[in-house]
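Asker: Sequence:
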Amino acid sequence: MVLTSTAADVRDGRQLHLNANITEAGKHAAAWRKQQDPLSFLDIGYFMDIGRIAEGATFDAVFLSDWPALAEKPPSKPWQALDPALVRTAVASATEHVGLIGTVSTSFGQPYDVARKFATLDILSGGRAAWNIVTTHGFARTTVRYAVETGITVRESIDRNGGAHRMGVGTPEQIADDIELWFRSRAADGFNLNFDVYPDGLQRFADHVVPELRRRGIFRHEYTESTLRDNLGLPNVDAGEGAPV
22 MVLTSTAADV
32 RDGRQLHLNA
42 NITEAGKHAA
52 AWRKQQDPLS
62 FLDIGYFMDI
72 GRIAEGATFD
82 AVFLSDWPAL
92 AEKPPSKPWQ
102 ALDPALVRTA
112 VASATEHVGL
122 IGTVSTSFGQ
132 PYDVARKFAT
142 LDILSGGRAA
152 WNIVTTHGFA
162 RTTVRYAVET
172 GITVRESIDR
182 NGGAHRMGVG
192 TPEQIADDIE
202 LWFRSRAADG
212 FNLNFDVYPD
222 GLQRFADHVV
232 PELRRRGIFR
242 HEYTESTLRD
252 NLGLPNVDAG
262 EGAPV
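Count the sequence shown with my numbering and you get residues 22 to 266, in order.
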């Protein structure tokens, strides 16, 4: 299904938002086999290059999740072993516009430490930092409750969780059709995109899908603002009298 731009779409000022979800070698379990260097996930230059590609495609942000635990079994693919807070800082130094979103669990992070890390990154990056707030214990309670209600073990419940991610496969035009349908139907304002292999999957999307989205008038051609909040179209927050600016 192809949806064309209309005057109403242009007037309402809505703009699609895209983030790149950096998942070590890529979302596919065998992504590391497609990379020139399977140890790229331990090279900070690898993450900096991903940030540059995302910025060249005028993405709103790059997203780095965290997994503050060891796997029960030895990993069969590259692991998210590096501290994402330090990775985000390196990506910030290699870019000027793209946002830097990171996950930190309130179950493991002390309030002052978490606030200081994100405030520092936000200041040093010129207002490009954002925090994806999660509560690890809350996930654990939900998993246990689901297991009890369905009569399965907690291990089986975790194994059934495929990440709840929606997958899209097709030509650039077909991928753009799908994104546009969700966007114009107001089912989504944007997407946190996973890619099969990094950095190639992101580069192909930047080279072929992004131009198609721009042609349809739903994605920016360039950054018009300097902070992540402004690029997302969010109102500024009054920090109160006496607060630093």
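Source of the hints: derived by calculation from the structure; they are not laboratory data.
Built from N, CA and C at the ideal position, the CB exists for glycine as well.
Be careful, since some hints might not be right.
[To be verified] Dumping the calculated DSSO-like pairs for lysine-lysine here, alpha-carbon to alpha-carbon at most 27 Å: (1) K98 / K48; (2) K94 / K55; (3) K94 / K48; (4) K98 / K55.
[What the hints assert, rightly or not] The calculated label-pair distances, taken between Cβ atoms and stated as ranges, are: (5) P59 / Y244: 20 to 28 Å; (6) P132 / T192: 42 to 50 Å; (7) V169 / E246: 45 to 53 Å; (8) V165 / N257: 24 to 32 Å; (9) N213 / E246: 15 to 23 Å.
Asker: Hint by hint, work out which the structure violates, then give me just those numbers in ascending order.
Answerer: 5 and 8
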